[in-house]
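Visitor: As you go down the protein sequences, you meet chains A, B and C in turn.
Using my numbering, you'd call the opening residue of the first sequence number 6 and step up by one each time.
Using my numbering, you'd call the opening residue of the second sequence number 432 and step up by one each time.
Using my numbering, you'd call the opening residue of the third sequence number 131 and step up by one each time.
Do not take every clue at face value.
Said to hold, decoys possible - Lysine to aspartate or glutamate pairs mimicking EDC-like chemistry, simulated, CA-CA at most 20 Å apart:
hint, chain 1, residue 1, chain 2, residue 2
1, B, 536, C, 169
2, B, 729, C, 169
3, B, 870, A, 150
4, B, 870, A, 60
5, B, 852, A, 59
6, B, 823, B, 804
7, B, 519, C, 194
8, B, 852, A, 61
9, B, 525, C, 350
10, B, 881, A, 52
11, B, 789, C, 292
12, B, 519, C, 169
13, B, 525, C, 169
14, B, 870, A, 59
15, B, 870, A, 254
16, B, 873, A, 61
Claimed, not checked - Not close to chain A: a few residues of chain C, all C-beta gaps over 12 Å, as computed:
hint, residue
17, 210
18, 268
19, 302
20, 306
Simulated from the structure, these hints should not be mistaken for laboratory data.
Ideal placement from N, C-alpha and C gives every residue a C-beta, glycine not left out.
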Amino acid sequence: MFLAPFGALFVAMYAVPVGYAVVESLHKMKRSGLGLTPPERVWAGFDNYRRALDDDALWSGVGRVLLFGIVQVPVMLGLALVLALVLDSQSARLKGLFRAAYFLPYAIPGVVATILWAFLYMPRSSPVVSMLDGLGLPSDFLGEDAVLWSIANVVTWAWTGYNTLVIYSALQAVPRELFEAAALDGCGPWRIAWRIKVPLVAPAIALTTVFSVIGTLQLYTEPRVLRPLTSTISADYTPIMSAYHQAVENNDYGQGAAVSVLLALGTCVLSFAVLKISARLTKGRASL
Amino acid sequence: MWGTTRRGRAARRVAAAISVAALAALAACSSDDSNDAKSGSAASQSSGAGGGKGDTAQLEFWGWAPGYDKVVEAFNASHPDVHVTFNKIDPGSKGGYAKMLAAVKAGNAPCLGQVGYETLPSFLVEGALADVTKEAAAAKAKYAPGAWSQMGVAGHTYGIPVDTGPVALFYRTDVFQKYNLTPPKTWDEFAQQADKVKAGDPAVAYSAVGGNDPWWLAGMAWQNGGSWFGTSGDTWKVSMTEPGTQKAMQYWQGLLDKKVVAADPTSTPDWYKRMQDGTFATYVGPVWFSALLEENAKGAAGKWAVAPMPTWDASSKATSNIGGSGTAVLKGCKNTQAAVTFADWMSSDPASLATLVKETGIYPAAAAGADLDALKQPSAYFNNQKIYDVFKESAANIPDKWQWGPTMTQVSSDLTDLAGKAASGGGPLTGALSETQAKTLKAIQDKGLKAAAG
Amino acid sequence: MKPSVRSQVLTTAFLFLMATYFLMPAWWLLVASTKSSSDLFGSHGFWFADMNLGSNLHQLFTTDDGVFGRWMANSVLYAVGGGAVATLLAAMAGYALAKYPFRGRGFVFSIILGAVLIPAPMLALPIYLMLSKAHLIDTVWAVLLPSAVSPFGVFLAKTYAEAAVPDELLEAARLDGASEFRIFRTIGLRIMSPALVTVFLFQLVAVWNNFFLPLITLNDQDLWPVTLGLNAWNSDPNQPRANLVVAGALVSVLPLVLAFLSLQRFWRSDLIAGGVKA
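All chains, please: the whole structure from these sequences, using the hints.
Guide: Next up, the structure:
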């Protein structure tokens, strides 16, 4: 009864479109000769999937986001954990102010955030590049080797504060008496942090990991916005860019849908794997 | 959390649910399609009957160029029997084309859409265009033949051309003065001057190469009279390695290798900064680049001038074209005759053209457009040079054999990626083109069309 | 036990350094919005040139008959309207999933969760086709309807309702003869309200940032949200308006930043971490 209004909209806005995408991924447009007559939609079986799996560019996109995820996710979450611990420690001052500053990027839309960073990356107009040059550190943020990490920086910038807040709230929920007791037992602040606090917030870290992994696999906005500024980001730089490129730019919706379905399945498997691993790591400490 | 105990089952359930939803959608979609087919044929029937059961034919028109809205207003005021509604959309490659194609698919597309020449064949093979060969036949004589052919494929016409992009050489008078240069007449002279400038100041690039700009690369090839695409019977011919293209690409590759020209990504703020501060001495660009330059390099007012595009030998006059668009009639249009009437009026009526030159900065595709008053005025930004005189001459000498292919978005992005890498030091431009050609042949065949190299 | 002065200074210095990193691009935006088009690329990015904020803002709100103000208003309508409805629906659905045992409950919940995995661009075309069948293209509903669904919100609401709404309270109310709807309204909604602020903020950001769907479903410029409008200005090759785009970007993020800062104390991010301590 209470489920009905949401259910109806959910079916209309998610279930049916997903069904449509799945069905379309099994179809293709049939044309002949020059294509002067309108194309016809025909059953394709798994042709689109076969083409997707044969596409080297898609695989290198997958490799790229995996590399990105292996480096960026731990860096971002490590940073978030450290910030949360420091904010939670007794040594920190002006906590509210710092928390707000870290969280600010989350309120800035991804497109705007990337445009902002783009201005700081451009070799000739960026104040950062000119400052680094002044220090004798030439930099090329948009070069072949650097660009993936420049994208990682934008993502880290945008989401670290959010993850910090999640972990910080989990820390705040832990009863203070626990730490006081540990301190009385002679535990120093570092020991308390690593031995008591970190295990207690492990579920929060596991969850932020899952969402970060999903976000990484769906990496799209940041490279898309930076693409016109550099020749190092191709149209199928990430799997989602590839799907979008097929579906929208090449107007081959079936092909794009097939890539998306594969990607959704891959994401599903990977996030369950992450959950499972983290469940094993945190077993006995907290219920996930 | 999300059901630790039931994780395995949950995954299976998701899979099951997706297949159920798929079945439901399958039923829904198959009925959708038959509806589309019906309404499609109904539309073509009514257009065959002449349409317009009321007194005023209603037409919708989507485009992004500034000034189009004013032209539409003027048309409505002078044509009581047709009413056009203009909707401004995002530029084609920024989402406008995707929007038009989605609307065609849903059966509620506008009658008319602004379509770049390079995109017209793609729209055709997506089944998004209406054949107006008959309706448009009478207008043909008014337009430059090269522009007219851009709005058609294999003898069929799908709309009316609006503007073209005759190419010329933009150059910095301050740099030229410093090295005592006059605008180069031939590409040989161009290369010699490049060496001279490089020797004088290594920070200045003699010219900017549009390495990541596929349309610029095409423009360089276009001058040599060939074409990347063509049709032969029912087969698309792809020849991105034809001799004229090879010649142009090898030439620019030579300049890149000597580092006398720069291949910075084009149209970025950084790029315009160099246009402004004089570290680019020249740029081979189309007429509409003059407006961009004026907007984005305001500080360089009075320092830029325009000269004819260099040629391969002193006796040749051939120039080139970059860009240009037309008004296409989209599938599902119920009153194709009125649609053509409006499109033709917009592209050829002197008052309309005057507005378009002033507001949009176009160079008209209509032959009579060259005599417009607006194209005889001096340009303040270019130190009061009458730059349109140069472009008029250029427009008259554009080789008219050039054709575009049916998968230009793919060509554009592959060429952007490959040539962009090549130009910034990753290998020869000719290699990027032959690789793009292979990808293009595959992409056309993937669409179910016939394609062959040649 | 008080921490030493040295550790306080070091800690604060570290926090300050990190704050510099997080605020640097925002500072750039603030500085850039005060510049004219030519200063934007001609002067140092981190410091002010001639003060043009006033004229930029004036130009921003008067260009094309003040269409920017209209875009802002539309964005607020879509984000607040869509966010509010999405929150209410998510509250109802989450409450139902948490408090009414029924067959297939876990199944329904997994499906809703699965929606988080779907790449959004794929949904746009099918939604477009459906909306156009319903003749809703080019109306505010084309944005509001899709915005009113938040699977993630249902997830949050359910998690919270499970932990925070005591079954005994519901039973007691039932014994008093209250209708189910009344119980939901007076007990469920009230207890869940902190969680709902979080859901609302999430959806607010999601709708505000939504780009592709309005791009294809809205033709009429007067209906555009601000993201679409700024993009159009940014990508208009004939009239680059860099100073307007930058000033517009600043103005367009202000409402979100304000919403966050003012609602921050209600923000229950521990919800997301799953460790609900009601």
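Visitor: Each of the hints needs a verdict: does it hold here or not?
Guide: Outcome of the hint check:
no.	hint	verdict
1	B:536 / C:169	violated, 45 Å
2	B:729 / C:169	holds, 11 Å
3	B:870 / A:150	violated, 25 Å
4	B:870 / A:60	holds, 12 Å
5	B:852 / A:59	violated, 24 Å
6	B:823 / B:804	holds, 13 Å
7	B:519 / C:194	holds, 13 Å
8	B:852 / A:61	holds, 18 Å
9	B:525 / C:350	holds, 17 Å
10	B:881 / A:52	holds, 18 Å
11	B:789 / C:292	violated, 66 Å
12	B:519 / C:169	violated, 30 Å
13	B:525 / C:169	violated, 27 Å
14	B:870 / A:59	holds, 14 Å
15	B:870 / A:254	holds, 16 Å
16	B:873 / A:61	holds, 14 Å
17	210	holds, 15 Å
18	268	holds, 18 Å
19	302	holds, 19 Å
20	306	holds, 20 Å
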